[in-house]
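Protein chains: 2
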Amino acid sequence: MAQPPRERWRSDFPRWFDWVLEVAEIYDYGRYPVKGMGVWLPYGFQIRRRVVELIRELLDSTGHEEVLLPLLIPEHLLRREAEHIKGFEAEVFWVTRAGGEDLDVKLALRPTSETSITFMESYWIKSYKELPKKYYQIVSIFRYETKATRPMIRLREVTTFKEAHTVHDSFEDADRQVGEAIEIYKRLFDELGIPYIISRRPEWDKFAGAVYTVAFDTVMPDGRTLQIGTAHHLGQNFTIAFDVKIQLPDESLDYPWQTSYGVSDRVIATLISIHGDDRGAVLPPNVAPIQVVIVPIPVEEGLRERHRRYVEEVEGELRRAGFRVKTDWREDVRPGRKFYEWEAKGVPLRAEIGAREVEAGTVLLVRRDTLEKVVVERGRLVEEVRRLLSDIAENLRRRAWEWLRSMVSRAESVEEARRVLSERRGVVELPWCGRERCGLQLEELVDAKVLGSPLRPPEWVRGKRCPVCGAPAVTALRLAKQY
Amino acid sequence: MAQPPRERWRSDFPRWFDWVLEVAEIYDYGRYPVKGMGVWLPYGFQIRRRVVELIRELLDSTGHEEVLLPLLIPEHLLRREAEHIKGFEAEVFWVTRAGGEDLDVKLALRPTSETSITFMESYWIKSYKELPKKYYQIVSIFRYETKATRPMIRLREVTTFKEAHTVHDSFEDADRQVGEAIEIYKRLFDELGIPYIISRRPEWDKFAGAVYTVAFDTVMPDGRTLQIGTAHHLGQNFTIAFDVKIQLPDESLDYPWQTSYGVSDRVIATLISIHGDDRGAVLPPNVAPIQVVIVPIPVEEGLRERHRRYVEEVEGELRRAGFRVKTDWREDVRPGRKFYEWEAKGVPLRAEIGAREVEAGTVLLVRRDTLEKVVVERGRLVEEVRRLLSDIAENLRRRAWEWLRSMVSRAESVEEARRVLSERRGVVELPWCGRERCGLQLEELVDAKVLGSPLRPPEWVRGKRCPVCGAPAVTALRLAKQY
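Chains as they are written, first to last, in the numbering used here: chain A, 94 to 576; chain B, 94 to 576.
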């Protein structure tokens, strides 16, 4: 199928992304006078709202309960779990003054909420009978990033942080919960047509306070990977630190087990990036604020009234059928300019209606993903729009997965891995002995970061050897140039 | 109509409110280790979610666009409008450190967002043609309250602050917008059955930076008033301070006019309080997380299977008809205890189903507002539930308005006003000459706070005199014991 070009999209991605956020009026970045903080604009907010609704549906329907905890975490709470504070200390924003006075206790802007929710769980949960318990909240989190900040990708205020926190009566049940989290995120990303790679993060780079961490990564248009979701088995690390105890069936007391898992603004950054092309965003129909934009093509005086009525009828018909429709009636803007604007904004379908369409009783539909044109008779309009939107969603998903698969390859030597990553980035999998020392050396030798290992050792590493120490490989290690 | 008692509700309201938040599992307050900050629990969050949806519907359908601005406002931005910072300075939380270093620029946790949005509007708005422009956001705001904090009523983190910000090409159009805001809030409060008094706030107690402020107040069960919404005409105060200019039709440049208006968690606090009684909350059906709770009454062994099927059929039928239904199947809790819990949580309708109902093909419905019982035949169930829910909403609204009206009275002397307010609180209206000096004295003499004056001078003050200076009254002044 024909596709609009993806030259800038691929070769100049960071600038393409800044451009699309601006031209599509999604997110205003770089003007607000605090580094790493931006503003969601109305059109972008509508995309965000639909992604948030999708997340809520998925979590509510799997027994998660939404709560809302305070933004501010007192220092003594944040310090209670030793590994956790070590991991976050360098990134915390601190409130030290209020009402003209110094505070006795410094208050952190939440970098994440394991500490505050575990503190509350010591009041909320008493018995194994109440477990498993699954909470979540959708909030802003704050991290004083020292790396270069990027809109929606690396921010100091992450405004769409969905964090789930669960409690269990055994290690195994928490393990099972990580599996459920993975299934939920798969469904979320599938709904958005976002392709992913699931890895178990290496020991030396897991979440601060976790027993183990599973991560979802995707490959951005320039071949760098982006971590778009994580799930952590927290063991009893936080419940011991906060002295949360539950009664077990035999009436003894024990510390319950926990998990936590999160996704962020990066989900929205990815759906805008991964499906885009040189003309701008291409939004999956289920989160597009406008699914069909009608552009009336000017007609001569005598036909004007009939033309207007015809356009209004088409709009009404589509709206009654449940589609999100907008007619762009602006008189001081030419159709070509309108096409350009709505294409940049990623509206999945454009309907053009001019004299020809009025006379023939048709509508000209243009797909945003392929730019293909279809002439549709009025009587078949609703049915055809439904078919095309579903086709666009499917095409975006397929194209994105093809892209991802084309960017993942295997290598058996450091040289090969280096060459592939320097030529076109993406992800390279290497056989690995499983030792931390060799993993860290691989990062240095290949000049890339480790994403982790497949959840199960892949078949293909059997008989292969670790390129660092030469010992038999027990699994594969994925390396990539990361965002 | 019969009503459950409202003794504690009225005579011991603050404690009743703390109790209802706890027993109904709405909001966990007083345990989180930062003063003035609490946790929305799952059931409370569902109420909040529906109130937020209602607010969004009302604003979206009147051309407001939702945005999201950063939490942190740099000190120089917050200080730009002189009156504004004077009003908020004593209440601001400051971030001064991050990542182990002192920040060069102190960052305020937003107490409200007039300054940050006006700063952005200097980029966004160029011409009168784009006006009026109406933005809003729903966010947490932070105020270092020194008065006694109260859950949802006076907090240091207000978690459900809806703030609208609009821009206009004339003073008059901003004036009209304040009128629109008033109409929107009337519809919001009407939907929730919350009664209100609308006043123009006195000059000496308007919003910091406003030309004038209009406030919505309600009367809580103990007779104290609570401010539940405000709308401000901001004139050009902020646009001048931030040098926002627009092009007018004659191509000259001028500063545009602004308004802002907000509601908060207090809307939810009010709907829980105002409709309640000694048994707990009574939720309006449109925001109740559960509209009908089915309590199966245990039956003897032989009927058990038929009983279960019958209950499941009723539940399915109600769910398919679009009601939010839950069946309380807990086996270790007696029906009486279940009644108590669901009444405290304010579920509008309870359906009891025992042997008698199964045999007769009926359902016993119990209204939460009046505790009246109605036996309904299965064939008429959906229709009857619909009628009862609408009746409950109407009854709550009527009862709340009657309550409010009974708490507002007129007085012509300071003594009379003092007596009424000390006997039963509520609101007292006094004739007033309109002078600030007399208004301030009235507050002292009556020992109450001014709510403001009616938007239009009322008929009844004609010919009356100001009780302080004896000059002819030009309007009325409303005084009350406030929260």
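If you're looking for bench data, these hints aren't it; they were derived computationally from the structure. Don't take every hint at face value.
Said to hold, decoys possible - Computed spacing ranges between beta-carbons, pair by pair: (1) A:Glu194 / B:Glu537: 54 to 60 Å; (2) A:Asp197 / B:Glu405: 36 to 42 Å; (3) B:Asp371 / A:Arg423: 55 to 61 Å; (4) B:Asp371 / A:Asp197: 38 to 44 Å; (5) A:Gln96 / B:Glu406: 50 to 56 Å; (6) A:Glu182 / B:Pro107: 55 to 61 Å; (7) A:Thr155 / B:Glu146: 35 to 41 Å; (8) B:Ser154 / A:Arg423: 18 to 24 Å; (9) B:Ser215 / A:Asp347: 55 to 61 Å; (10) B:Tyr433 / A:Ser220: 52 to 58 Å; (11) B:Ser215 / A:Glu470: 47 to 53 Å.
Claimed, not checked - Pulled from the structure, derived: some chain B residues nowhere near chain A, Cβ distances all over 10 Å: (12) Pro163; (13) Leu165; (14) Glu182; (15) Ala183; (16) Gly193; (17) Glu265; (18) Leu319; (19) Lys431; (20) Tyr433; (21) Val451; (22) Arg460; (23) Gly472; (24) Ser506; (25) Gly519; (26) Arg549.
To be verified - Subject to a maximum C-alpha distance of 25 Å in a straight line, what follows is the list of computed DSS-like cross-link-like pairs (lysine-lysine): (27) A:Lys557 / A:Lys542; (28) B:Lys240 / A:Lys227; (29) A:Lys219 / B:Lys338; (30) B:Lys227 / A:Lys226; (31) B:Lys431 / A:Lys226; (32) A:Lys199 / B:Lys227; (33) A:Lys419 / B:Lys240; (34) B:Lys222 / A:Lys431; (35) A:Lys431 / B:Lys219; (36) B:Lys431 / A:Lys222; (37) B:Lys199 / A:Lys419; (38) A:Lys227 / B:Lys431; (39) A:Lys240 / B:Lys199; (40) A:Lys222 / B:Lys222.
The structure presented is a predicted model; accordingly, all values stated were derived computationally and were not measured. Beta carbons are placed, not taken as given, at the ideal position from N, Cα and C, and that holds for glycine.
> Hints broken by the structure, by number, lowest first?
Replying inline: 1, 2, 6, 7, 10, 12, 13, 14, 15, 16, 28, 29, 30, 32, 33, 37, 40
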